[in-house]
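Line by line, the protein sequences give chains L and V. Per the working numbering, the very first residue in the first sequence carries number 57; after that it's consecutive. Per the working numbering, the very first residue in the second sequence carries number 18; after that it's consecutive.
Keep in mind that a hint or two might mislead.
[Stated by the list, open to error] Simulated coverage check for chain L against chain V, where a stretch passes if three residues somewhere in it have a Cβ under 8 angstroms from a Cβ of chain V:
| no. | stretch |
| --- | --- |
| 1 | 146-154 |
| 2 | 330-338 |
[To be verified] Residues of chain L clear of chain V, computed beta-carbon distances all greater than 12 angstroms:
| no. | residue |
| --- | --- |
| 3 | Arg320 |
| 4 | Glu377 |
| 5 | Pro416 |
Since the hints were derived computationally from the structure, they do not count as laboratory data. We treat Cβ as the ideally placed atom computed from N, Cα and C, and that holds for glycine.
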Amino acid sequence: MDSSPRLRSGAVTDASEHRVALRVRGVSRSFADVRALADVDLDIRYGEVLAVLGENGAGKTTLMRILSGLDQPTSGELYRGEERYAPRAPREAVEHGVALVQQHFALVPTMTAAENLLLFRAQRDRRTSREQAARDLRTLGADLGFDIDPGARVGDLSVGERQRLELLRALDADPEVLLLDEPTAVLTDAEADSLLEVIRRLVADSGRAVVLITHRLREVVTGADRVMVLRNGEVVSPAAAVGERDADQLAHEMVGAEVPAIARHNAARGEVLVSVDGLAASRLRHADFQVHRGEILGIAGVDGNGQVALESAMVGLLRPEQGRIVVHGKELGGVRPRERIADGVAYIPSDRHERAVVGPMRCDENLLLGRTRRRLRPDPGAAEVMAAWSVKGELDHPADSLSGGNAQKLVCARELRDDPRLVLACQPTRGLDPGAAGQLRQALLDFADAGGGVVWMSADLDELLEVADRIRVMFHGRLGEAIEPPFDRGSIGLAMAGVS
Amino acid sequence: MSFDPVPVLAQSDIVTLTFWTAVLASGMRLAVSTGVAAIGEMITERSGVLNLGLEGVMLAGGFAGFAASFESGSPWVGLLAGLLAGAFVGAGFALLVVYLRVDQVVAGLGLTLFAIAFTSFLNREIYGGGTSPPRAPKPGVVEIPVLKEIPLLGESLFSQNVVAYVAIGVVVVIAVALRRSYWTIVIDAVGETPSAADAAGHSVRLVRFAATVIGSALGGLAGALLIVGQLGFFNSNITAGRGWIALALVIFGRWRPGLIVAGALLFGVLDALQFRFQTLDSAVPFEFLIALPFVVTLLALTIGSRSAAAPSALTIPFVRATED
Ligand SMILES: Nc1ncnc2c1ncn2[C@@H]1O[C@H](COP(=O)(O)OP(=O)(O)OP(=O)(O)O)[C@@H](O)[C@H]1O
Ligand SMILES: [Mg+2]
């Protein structure tokens with residue numbers, strides 16, 4: 057165990073000298089014949105934020121899982137301070153002062169925030185009463201400027217709140233090394249900024265070591281001290297000061313090539329393809345809109361304003377309480393997802409794990425999901441589709457083995473495969489690396505160029521400004537007036553925050 | 018299904034207080050063993066394991082309980098033996114479904130079928146299995162003076178045999194412990210979002226194993242309560258579906274102890290009632306009466322389970338993403 061004092065009794069000593077907190081030497085990890093990490097060397101230092109960049113499937117998550125005891129390397133060594141460190145389980149890592157916030161929430165939705173905090177405490181901590189957990193959660197939250205109700209059911213929290221809760225419960229063990237795997241992926245810019253600020257404070261005040269994984273290069277430039285780049289499991293650019301590098305340069309290092317700019321060729325608007333009248337369902341109070349052929353309608357909004365209800369209603373997963381949805385002259389009545397697919401409505405859901413991939417099923421079977429009534433049999437085109445979308449993974453492995461971004465690419469590949477009429481794309485580029493995000497954006501633009509209609513929901517306003525033909529803002533379950541270009545970023549941003 | 022001595026009734030008796038007092042008292046006795054079994058199964062299921070072998074676990078506990086109390090002459094030894102037999106069978110089942118990831122439905126049904134055959138075989142080999150089986154010693158009845166005279170409820174609450182009080186104690190202790198405890202959170206997390214529990218450093222498999230063993234130990238105890246505490250003898254398939262009823266009660270009670278106990282009492286009273294009605298010279302065919310408790314349970318299930326909140330990971334084995 058490292059000899060530096062635990063944080064509650066003061067900051068890590070000598071943080072100013074940036075002593076090494078965690079040393080990674082020659083770490084490799086293979087899954088059957090997939091090499092996820094190859095001979096990785098890395099020093100994680102106290103008192104700084106180290107950003108880890110890399111394309112989807114580069115091995116970032118695999119590295120974090122190894123550092124936190126959720127997985128073990130095939131070869132190579134880890135050192136905590138001067139001592140050998142080989143955690144076999146998350147609890148061992150926590151005992152050594154290493155805590156991880158995973159890429160996907162590790163929270164129990166049916167329990168309260170305080171109970172989730174409690175779950176992460178070891179029995180022998182003796183701080184295992186609910187009252188104590190609730191108190192501690194409040195204190196921790198107050199320290200960081202978060203306001204979380206300990207009694208709230210996690211399932212009822214917004215993603216932003218859940219992400220803050222994840223951070224709080226990781227900090228509850230008072231770790232010296234904090235690993236954050238895409239903590240900002242589901243957040244809006246404003247939320248991400250404030251989270252980054254908190255992270256900077258954690259580093260500045262107590263000299264913790266923080267590893268931050270993100271696909272948003274802007275965050276690296278503003279929030280990180282050093283940055284390293286992984287590609288195909290190898291370190292292609294060892295940790296070095298962010299210095300003068302800007303987002304474009306970083307993207308170049310990550311992808312190994314220029315990221316091509318996206319382009320729209322034919323913005324002609326055809327006849328009406330979808331018309332939604334007075335739709336209300338669950339948190340969605342009222343929505344009226346039309347999408348024409350060849351049009352991309354952007355729906356901007358912070359998560360939790362009724363987007364999930366809107367997407368669910370449009371694909372037949374939620375019965376509308378009022379109103380109607382007409383696609384291509386045919387009313388989508390009731391709850392019939394199969395009909396929706398047959399009618400050519402493609403769906404890229406905001407929650408891919410919940411709605412788009414079946415984890416234990418093979419990748420090629422996932423490509424056929426909802427597309428066949430017969431028994432699944434080997435699909436001759438599957439390899440080609442996977443390659444076209446550069447999904448990094450094996451056809452015959454379960455979808456669970458895909459990295460977060462690759463799972464998303466698989467979903468896009470399936471949904472755009474058999475010439476839909478309409479694509480309902482919900483937060484489609486979340487978790488995608490800049491190259492993959494560019495590819496998906498271009499694919500949807502091409503689709504609209506060819507006369508398809510797209511409904512594009514996103515919390516990322518910059519993305520919508522780039523791709524949408526018209527934008528409507530969703531706030532508190534209501535859809536605002538259509539905004540035509542040229543778009544005014546400032547006023548749309550305010551509308552998303554409820555200021556009109 | 019009840020083996021209490023049943024007086025022959027006349028129509029007019031139904032309206033008397035004595036009649037209902039007796040129905041409640043024997044309903045309470047019947048509720049005791051199903052209630053304990055259901056509470057045990059609730060613990061198992063909340064960790065994500067469905068033990069369809071509960072009927073078999075009860076039979077194993079019942080037979081062990083009978084044999085131990087018969088040989089030793091003490092009902093207490095019988096209860097202990099039932100508990101241990103349940104835990105033992107449960108450990109085997111848990112080994113199969115938790116560690117070897119055998120399908121829980123298949124393993125559970127297999128366990129029940131096996132236990133039915135095996136206990137009747139042992140019973141026949143050792144105790145002859147005839148029409149007049151040997152009797153185990155009966156536990157004493159605890160009568161609390163004055164209180165037991167309370168109209169209607171006095172007899173059911175304050176004049177039961179010792180064993181029933183033990184069972185009631187067990188249920189109360191568990192219900193209270195589950196309300197406040199750290200371990201409830203761990204068990205629920207393992208049954209609800211195992212990946213989160215894993216990330217939190219709990220061994221999903223160990224927790225499930227333990228919850229299954231504890232649940233089955235209670236199932237075995239329930240079997241022993243039935244045999245040692247009430248019937249006093251063992252017979253082939255003597256549990257007669259009580260394990261299944263307990264499984265249904267868990268759903269009916271939505272995985273909450275309070276509702277499960279209420280369901281057990283309801284079922285017990287209906288069962289006692291149908292038994293008394295059978296001796297009544299009425300136009301209703303007795304088959305209908307026998308079916309009555311089951312029909313009511315079924316109805317309660319269909320209504321109750323509409324909003325049921327089953328543990329999300331029930332019956333799904335846990336495999337960490339990086340395991341093969
Ligand atoms: N259990 C597994 N079985 C097989 N392959 C796996 C498994 N886990 C990860 N991989 C593979 O290892 C590689 C690295 O995955 P990892 O999740 O570390 O990527 P990542 O850099 O975090 O990507 P993303 O940005 O998409 O989250 C991927 O090609 C993935 O398919
Ligand atoms: Mg990842």
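Task: Non-interface claim for L:Arg320, where every Cβ of chain V lies beyond 12 angstroms - done: The claim stands: L:Arg320 keeps its Cβ more than 12 angstroms from every Cβ of chain V (closest is about 39 angstroms).
Task: Assertion that L:Glu377 lies outside the chain V interface [Cβ separation over 12 angstroms] - done: holds, 19 angstroms
- [ ] Count residues of the stretch 146-154 of chain L with a Cβ under 8 angstroms from any Cβ of chain V, then say if the count reaches three.
- [x] n = 3 at 8 angstroms, threshold three: holds.
Open item on the list: Quick check: do three or more residues in the stretch 330-338 of chain L have a beta carbon closer than 8 angstroms to a beta carbon of chain V?
Closed with: violated (count 0)
TODO: Over 12 angstroms to the closest beta carbon of chain V is the bar; see if L:Pro416 clears it.
DONE: Violated, because the least Cβ-Cβ distance between L:Pro416 and chain V comes to about 8 angstroms, which does not exceed 12 angstroms.
Consistency with the previously given hints fails for numbers 2, 5, ordered from lowest to highest.
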